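If you're matching them up, the sequences are chains L and A in order.
In terms of our numbering, the first sequence has 23 at position 23, counting the first letter as 1, and numbering is strictly consecutive.
Positions in the second sequence are counted from 1; adding 303 to them yields our numbering.
Simulated from the structure, these hints should not be mistaken for lab results.
Fair warning: there could be bad hints in the mix.
[Said to hold, decoys possible] Coverage of chain L stretches by chain A, computed from C-beta distances (three or more under 8 angstroms per stretch; other residues unrestricted): (1) 54-63; (2) 69-83; (3) 87-93; (4) 101-108.
Bear in mind that the values here come from a model prediction, so they are computed numbers and not experimental data.
Each residue gets a CB set at the ideal place from its N, CA and C atoms; glycine is no exception.
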Amino acid sequence: MPDTLSSVGILEYCGVHKRFGQHTALEDVSLEVVPGEVFGLLGPNGAGKTTLIRIGLDILRADEGTVSLFGAPPSHASLDRTAYLPEERGVYRRAKVRELLAYLGKLKGLRRTTAAKAADHWLERVGLSRVADHRVESLSKGMTQKVQIAACLMTDPELCVLDEPFSGLDPVNVALVTDLIEERRTLGRTTVLSTHMMHQVEALCDRVALVHQGRLVVYGQLDEIRRRYSPNQVIVWTEMDLGALGVNATQHRTGGWRVELPASETAAGYLHELVRHGVLVDRYEPLVARMDEIFVSLVSEGP
Amino acid sequence: MRLKRIAAVARFEFLAVVKRWSYLLATFGLPLFLAAVSGTVLGVQTYFLTQRAEESSAFGLVDEAGVVDGSVFEDREGARVWINEGSEVVLYRDQETATRDLESGRLRALYVVHEDYLQSGEVRAIQSEKTPLLSMRGTTVEPLLRSLLRKSLLDGRLDEDVQKRIISPAVFVRARLGPEGAEVSDFDEALDLLMRTTIPLFLGVLLLTALLSASGYLVQTVATDKESKIVEVLLSSVTPEEILAGKLFGLGAAGLVQFAAWTSMVIFVALSASAALATMVTVPWLALAISPVLFVLGYLFLGSLMLATAALGANAAESQKLTMGWAMLAILPLMVLVILLEDPNGALGQVMTWIPFTSPLTVIIRLSVEPSGVAWWEIGGAIAVLAISTWLSIRIGARLFRVGFLLTGSRPSLAELWRQAR
């Protein structure tokens, strides 16, 4: 887990505003992505995530505020250290797979031979070596998606922004992409992940930011956010009848007792109390909110 | 701008175009196709005319008025025959025999000098149903008969040399001033006119076609990028200016190859015509030599404007419509071609030489038709104006291209364009 407080942000937004005509796409957004983490960028459709990404990668310019990439305003050199998989997938459909990858590698500054080798290596990594000389238009949607993921990762970028990388993939390939993102974290590489698949966010992300109607509504450590939005409840598995003991408990679908704690009580403190009162606890678990619940709750409330 | 990235884009775009069947066919197939078609058409026509010529070249003449000088006719196989310039005229005593021969196909046509010819001048020309259309007017027999009648009427009444001049009052010997002011004679006027107008026209059309073809590829590639949604991937690696430059150079190279192939064909045709016809055919060497420079500059100028405007379109059809205006401006010299051919160095030609949209084609046409009338400073000036305009159009084009390329999915308003391009 990266140290979010002491590290220098790889990608930093400070007071960013962006308007398109009368529409405000982003309003005073400030956040940072730190080295080595998997950062989740969440939000409903049209929230401003893609605009935020485009501004970070210097594809669009902010109307107000500053952006720094690797500690300085985005430049040719810093952009070469990044890669981007946009949500709107784009490929040259008539190009051959290997040629397309080699071309995209060269656009990132790889030499011709290095780009060709990297293309072959990454096609093998995503299991597409056999279609290297096929035209992209002959591939299935999932295969095309993997070609684009390979194009993103082939330069071993220090920062990789993946917008909905799992869409259109079957479970096997979802696992493959998950492994690739995990591998990047192990190697100390940074990944920004924008997705609506909340279980993937829970499985992969260290920190998240939730954007809604152009504003940042939640930002921080994933675990901390989940705890913050969790009900003050625990589930207790025991042979004893907690109701009979006078505890405010209801049966949970998992077979345990769901206990609503007083606002002043903590889960650890309550466990101590249970044991002190002679309750034989088989298993004990504080209830933690799921990300999809937090997402729905925040988006329904509005910013 | 990073040259290696520009080179990578240029190489990719070049290969993407030149590997297409449509490009290969247009570049190499079209000249071969045109050569094959024109060769076939000429061959068929020549064969047809030869066959016709072999069928019958005899014409009948009946002199009811008794005015025709019979001394030119020789006895041959029981008939009175006059052979002149490949035509055979048979003199008949009566129309009945002549009509029979016409019906049988032995004669192509029958001319009857009417009995009151001296009063009316009537000579009846009769064809049979079998006689091919144009068979009489397509031959030289009627001028020959006119000469024969003149000679017959004048015989013994005037001196011989005066007779000759009445029959043939003037023998024109054509001449014109060559490039060095020397008088050049002994050439076929019709052929010269043909070569002097055809080659400039052909070269001009080729230059324009190559320009518009290369520009068309530019419009197509921008539309493809926008429609295939690859724009964002490209922009996360290279700047819009680098993409614009790469596309301009890559597709320009493809256009140049096409133009070179087509121009080679023009040179080949001109040289072949010159050798085959053994006559003075003016190959516009200066125009040919300068055409690659004009093509490159004209293409960069027009191409950068086309790329920028094409990027503003939401799809291929819209991009095509937006760029049509530039193409119309480039076509302008062809619209006033008659004036340019007639008076290449007149006011219109001189003005259009200095307008960057029209200068490539105008200079080519002027240099082909009348090279001596184009001053060196006009060529240099036209190239300089074109180069400066090209530099400006690339600068402005790159800004518009950036805005248009980024605003995917919809066409930006003028206010948005202005705001973003600043």
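Now for the hints, and whether the structure bears them out:
no.	hint	in the structure
1	54-63	holds (count 4)
2	69-83	holds (count 5)
3	87-93	holds (count 6)
4	101-108	holds (count 5)
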